[in-house]
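Novice: Using the sequences provided together with the hints, build the complete structure.
Protein chains: 2
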Amino acid sequence: MAQRIQPKLVKGMRDQVGAAVARRHDLIQTARRVFERFGFQPLETPVVEYEQTLTGVKAGETGQRIYTWHMAEDDVHLGLRFDLTVPLARFVAGNRELRRPFKRYQTGPVFRVDKPGAGRFREFHQFDIDVVGTPSMMADAEIVVAMGTVLAELGLPDYTIRWNHRGVLNAALTRAGVPDDMATPVIRVIDKEDKIGAEGVRAELGPGRIDAESGAKIDGLGLPREQIDGIVEFLQISADTDDALVAKVVELLGDVKGSADALREVAELRQFLSTEAAVCDRIKFEPRLARGMDYYTGPIFEASLDALPAYGSIMGGGRYNQLVSRFSGEQLPATGASIGVDRLLAALDELSGERRRGTVTDVLVTTMDKKLTPHYLELVRELRQGGLNAEVFLKPKARLGDQLRYASEWGIPFAVIVGSDELESGIVTVKDLEAGKEASTDVEDRAQWVEERPGQFELPRTELLARLRQLLGRD
Amino acid sequence: MAQRIQPKLVKGMRDQVGAAVARRHDLIQTARRVFERFGFQPLETPVVEYEQTLTGVKAGETGQRIYTWHMAEDDVHLGLRFDLTVPLARFVAGNRELRRPFKRYQTGPVFRVDKPGAGRFREFHQFDIDVVGTPSMMADAEIVVAMGTVLAELGLPDYTIRWNHRGVLNAALTRAGVPDDMATPVIRVIDKEDKIGAEGVRAELGPGRIDAESGAKIDGLGLPREQIDGIVEFLQISADTDDALVAKVVELLGDVKGSADALREVAELRQFLSTEAAVCDRIKFEPRLARGMDYYTGPIFEASLDALPAYGSIMGGGRYNQLVSRFSGEQLPATGASIGVDRLLAALDELSGERRRGTVTDVLVTTMDKKLTPHYLELVRELRQGGLNAEVFLKPKARLGDQLRYASEWGIPFAVIVGSDELESGIVTVKDLEAGKEASTDVEDRAQWVEERPGQFELPRTELLARLRQLLGRD
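As given, the protein sequences belong to chains G and X, one line each in that order.
Note that the numbering used here has the first sequence beginning at 1, numbered continuously upward.
Note that the numbering used here has the second sequence beginning at 1, numbered continuously upward.
It is possible that part of the hints are untrue.
One copy or any two copies: either way a pair holds, since identical chains are not told apart in the list.
As a list, the in silico EDC-like pairs of lysine to aspartate or glutamate whose alpha-carbon atoms are at most 20 angstroms apart [as the list claims (entries may be wrong)]:
no., residue 1, residue 2
1, Lys217, Asp242
2, Lys397, Glu268
3, Lys248, Asp261
4, Lys115, Asp75
5, Lys8, Glu73
Please keep in mind that the hints were generated in silico from the structure rather than gathered at the bench.
Specialist: The structure is reproduced here in structure tokens:
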């Protein structure tokens, strides 16, 4: 006997089949349509890049653990991309004739050698949009408005996009007297306000605190009282409207050295966003927002769903300027955002409240009699032309029970049964497999169940399509 | 100065940007929609598989040169998939609880270490559909009908799908007395009939021939005269209708030992296909069709475009049974097809006759005056809401010439110019960049050109959207 190979998935990888994949495709298709309407060009780059492109001059410079190898045939060191930003940088740096600004979106698989865990895989999808080569706040406004438009077109109108400017937080810390080398740890504490509250922030900026839940001692930064007061004063800033809030921030920070550019950009971005009537009431200026400060140089933004605050940020990004510095040393202005595709899909599922079907198929036409095959093919064609995803069972001699098990295990909601009697009478039988399954757990008496056949009903063949469309909520 | 990294593409790889990518996405989206309507489940598998999954028990068993490496951290040998059939086999063999038949489509990048050349890359896209786990001709009929439906929905109604059965050709050779070990070379000669004609086939089956173009001597197979006559008799078989052709083939080959199953399947498949009124007149039984005989075990089929015969097969496939044999030794019946996505895209471009734009953007709104930015944002929003892909130039202080060069180099067809005068008068200026470019090569006198400004016209702002939609052929 020949040696057999184990059909195993590589560690940390996954297969996906059926409706889960279709839903991701649909989401990506909606986003594509919006971004193309906004004039973002689709970009596709290879999955494989030179290792040095990925890791930087010093190996591991980017801090990512990635798949790399030496390809003996070409004597080159290769690797799999770990994000879509590095390939964008390589593309922009390598195509200097490309007229800027360059607006692009890109989606595709990326690879990281992380510890696999629930919902965490070593290959996963990213979806990025970026505008490269302009310092204008118009570009940041476009990113924010496009994000909002995607959420609205996904049927998620109750989102909030919060935005801030890195320079605002920097100026607030300068005003409070915080030394530059303390900015990053202070911002990390501010970022926890949602979780630990204003008192928690005050404690962690100062002497530290005891965590109520774990009882653990959390060290504080030990800032002097005046600095803490200054920071907290800034964090408490609020106003009824975004315009008033911008005005207050400008008033508070206007005298801080080096704050002029940031405050001008905040005012400009606020003006541009305020013209977008369709989305502007869901966009909030949030001077406390602290997102990823090591990386960003200007505006930052993130979107969340009002009904699902626990999902946190489902899209986010900001302005940065080190995009191509690895290749050319140039400080090229750029701004962009990433969509958390998997998180957004989970949110859509949770909000819809529908049972997640395994399959894309709406209805199975069972095959009771091989001689009737042309009739089954005609019936399934009629259902497809009526806009349903329909399949005919592709083994004509299979027992009905096996066919219904097939439908049930794949999660196909309806099965249609036509035998020669039904063909003659023009009456077909429909099985609602979900209702049948629920009923079968209720009914104790097997004989009664068989007699009543829950979830099963008959109707004229001529009414089948309309009735199925109605039952599936397609009308 | 820090060391810089060269922003280079890996050998054999490519970047793609703009409309070329959008067109591929659109094609894939159309195919997805059709296959889901037919009840094919989308499947996604990782790009990375174990090397042994890819290469078979003996390294190189599949004859593909692939990317492989040893991953020290997990001490495993990995590789990049070179097609979508091996991952399907690994998935089916590894998920035996999956109720069959299993119908799936899959699309994505695959990787081969081939010699790069014009239009040949080491990473490219495949799109496959397969039905696994049923011997029924209904499955083959579904594949053929789905292929035709995709072509029709892509706006390519003038296609032909030719089909045959491996058993028909085998029986024809048996009937002519060709020994089994000569079947493969004989079929290779038959496969060349389109190119070399009936006389060429006769010569190559017999003594050989001198190629008219190159003058080279082509060795013949040296078959005896009676065998050649028998083969040629079969190749000349024809009839007015497919039903008559099937009847003739059955008559001719009905007595050949071992032909019964194949002839029954041919008759069955013909019956199933004849019920599909919408596509059946584009589907032709072709007893000469010889496609990939080492691999296939039953029906084979391929699609071509009537207007572009030189493109050859743009989709094709057939029935096979060795899918999972590498993993389980099982002979699992399966049938499927591949879409030649890149070839189909090239064909769509050639048939449309349109200039291939570089960009997805239909219209650029230029920015003449920074103070008018809110008006530009409003104008671009209006165009987007009107269904156009529109962008506003994202650098408000750029010179008009630079903005028009941006539009021209990206291939944006129209630019809209609004200054403060235009805003007041309600009249906007539209530049047709393609017409302007063509005119500029005609006009010798620069002064005349500037005065006439070819490709430029004015119209009321209120009429802009309707006029642009009309010019872009969107109505």
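Novice: Now look at each hint and say whether the structure bears it out.
Specialist: Structure-based check of each hint:
In the homo-oligomer, the alpha carbons of Lys217 and Asp242 never lie at most 20 angstroms apart, since the shortest distance is 38 angstroms inside one protomer and 84 angstroms across protomers. Proximity of Lys397 to Glu268 under the C-alpha cut-off of 20 angstroms is restricted to the inter-copy arrangement: shortest distance 15 angstroms between copies versus 70 angstroms within a copy. Taking the shortest Cα distances, Lys248 and Asp261 sit within 20 angstroms of each other inside one copy (16 angstroms), while across copies they are farther apart (85 angstroms). Taking CA atoms no more than 20 angstroms apart as the test, Lys115 paired with Asp75 passes between copies only; the shortest distance there is 15 angstroms, against 30 angstroms inside one copy.
With identical chains, the CA atoms of Lys8 and Glu73 are at most 20 angstroms apart between copies only, with a shortest distance of 18 angstroms across copies and 28 angstroms within one.
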